[in-house]
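Visitor: Chain by chain, the residues:
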Amino acid sequence: MIKALVAVFLAAILTENYVLSKFLGICPFLGVSKKVNTALGMSAAVTFVMVLATAVTYPIYMYLLVPSQMEYLETIVFILVIAGLVQLVEIVLKKYIPALYNSLGIYLPLITTNCAVLGVTMLVIEKSGPEFGYIHALVNALGAGIGFLVAMVMFAGVRQRLEACDIPKSLRGLPITLVAASLVSLSFLGFSGLVDNMLA
Amino acid sequence: MAEKKKYNYLKEVTKGIVKENPVLCLVLGTCPTLAVSTAASNAIGMGVAATIVLVCSNAVISAMRKIIPDKVRIPAYITIIAAFVTLVQMIVKAYAPSIDESLGIYLPLIVVNCIILGRAEMYASKNPVLPSMLDGLGMGIGFTATLLLMGSIREILGNGTWFGLDLPGELQIIIFLLPPGGFFVFGMLIALASKISGKKPPKATGCAGCPMAGKCSIAKDEGIDRACSALPEDSQTEKGGEAV
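Residue numbers (the numbering used here), protein chains in the order written: chain A, 8 to 207; chain B, 137 to 380.
There could be a bad hint or two in this list.
Claimed, not checked - Label pairs and their calculated CB-CB ranges:
#1 A:Leu71 with B:Asn144: 44 to 52 Å
#2 A:Leu80 with B:Ala232: 14 to 22 Å
#3 A:Val43 with B:Lys331: 49 to 57 Å
#4 B:Lys331 with A:Leu169: 13 to 21 Å
#5 B:Lys229 with A:Gly197: 31 to 39 Å
Unchecked claim - Only pairs whose alpha carbons sit at most 30 Å apart, straight line, appear in this in silico DSBU-like list of lysine-lysine:
#6 B:Lys331 with A:Lys42
#7 A:Lys176 with B:Lys335
#8 A:Lys42 with B:Lys335
#9 B:Lys155 with A:Lys176
#10 B:Lys151 with A:Lys42
#11 B:Lys207 with A:Lys101
#12 A:Lys10 with A:Lys101
#13 B:Lys331 with B:Lys155
#14 B:Lys262 with B:Lys336
#15 B:Lys151 with A:Lys176
#16 A:Lys176 with B:Lys262
#17 A:Lys134 with B:Lys229
#18 B:Lys331 with A:Lys176
#19 B:Lys202 with B:Lys262
#20 B:Lys336 with B:Lys202
#21 B:Lys207 with A:Lys102
Think of the hints as simulated: they come from the structure by calculation, not from any bench. Computed from a predicted structure; not experimentally measured. Note that CB positions come from ideal geometry on N, CA and C, so glycine has one too.
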């Protein structure tokens, strides 16, 4: 059980990294990764919402949509739940934990339309089965968030070094950022097979 | 009626294909662009599905633009878009199960595709139904064309095939089918587009199209609220049209 959970967690961070191998959450990855600080704040907020959203949507799907045979409503229900949840978190943080709100709050409105959050909740449903229950789903969501954090922070470091380089005119800005992302993602390919081998 | 603005209908369609290409110029919808462009046929499937959603949601949002209160407009847009995505999802599942399988999770993720929400916010919420539908059509065609281009490049270089047909030669650079190839080809295409158009390449992803741009302090901080140099004049004329 523990072994399986560790495997799920590591796979979500390294081999199935949501940004670098599933292309989810590319917008914040490219947009908010200029400074390490903002990258950290954004990914902390994403991780928090991912786990919370999975914790809510998984039971909704399993105990509400499946018994009433309305699985096709998955998309619309999930996005509304996430939008409501983000709004709720924003209100609660603002009222009760202003310090946390000040550091994470500005990222919250961006997260509603972050495809990584909706992506995690849906992929977890897709994976679910006798071997993959609620706890696995939560661990997967946490791993996905941490994987997002690792990718963002690493990439912020790469981008800070890029600033000082002399880049051909047409490549300046987004194109060179994408080429750098390509190299970072290439390095993550090196992890493939790692988790299976380690825990085999 | 306040809206006597003349629309050049042909221009509404063509601007999305070249001048304001949603992917290469506005840099919206990067996630699906990178994810499904491993084969040309996937690209077409994704493009057509997104275009249908874009046209329908633009039409409905534009028709309801005076009823939807300003404060809850984003949730309202998301609900409308999600309804159409669910519809398209069911149709694709029923009639083209192979496309459903290859697009996988990226089909329902059209809901959070910023092209659709971005066009709703930037265009459909300010313009009448017909121009909004044409705008959606143009943007959809631009999205599909770019996806097709990227899908073709990656499939030809990575797999040595095009639409599943074998091409002569033994070209199979697997890396183009893998995630790094996606980032690389996308970067090169944006560089090429900016070289051809003579404009500076966009600095970052399309915060301009993001419906949260107004609320988001990051966009303001980093000065990336105008990612595309073609955008300011156009969005001004759109706003001007509303004021007339």
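Visitor: Now tell me, hint by hint, if it's right for this structure.
Guide: Against the structure, the hints come out as follows:
1. A:Leu71 with B:Asn144: 44 to 52 Å: Holds - the Cβ-Cβ distance for leucine 71 (chain A) and asparagine 144 (chain B), about 49 Å, lies within 44 to 52 Å.
2. A:Leu80 with B:Ala232: 14 to 22 Å: Because 21 Å falls inside the window, the suggested range holds.
3. A:Val43 with B:Lys331: 49 to 57 Å: 32 Å, violated
4. B:Lys331 with A:Leu169: 13 to 21 Å: 20 Å, holds
5. B:Lys229 with A:Gly197: 31 to 39 Å: 36 Å, holds
6. B:Lys331 with A:Lys42: 28 Å, holds
7. A:Lys176 with B:Lys335: 10 Å, holds
8. A:Lys42 with B:Lys335: 26 Å, holds
9. B:Lys155 with A:Lys176: 20 Å, holds
10. B:Lys151 with A:Lys42: This hinted pair is violated, its Cα atoms lying about 34 Å apart.
11. B:Lys207 with A:Lys101: 19 Å, holds
12. A:Lys10 with A:Lys101: Between lysine 10 (chain A) and lysine 101 (chain A) the Cα gap is close to 39 Å, so the pair fails against 30 Å, i.e. violated.
13. B:Lys331 with B:Lys155: At roughly 14 Å apart (the allowed maximum being 30 Å), lysine 155 (chain B) and lysine 331 (chain B) satisfy the hint.
14. B:Lys262 with B:Lys336: 28 Å, holds
15. B:Lys151 with A:Lys176: 25 Å, holds
16. A:Lys176 with B:Lys262: Violated, at about 36 Å.
17. A:Lys134 with B:Lys229: 19 Å, holds
18. B:Lys331 with A:Lys176: 9 Å, holds
19. B:Lys202 with B:Lys262: 9 Å, holds
20. B:Lys336 with B:Lys202: 37 Å, violated
21. B:Lys207 with A:Lys102: 20 Å, holds
Checked against the numbered hints above, the structure violates hints 3, 10, 12, 16, 20; every other hint is satisfied.
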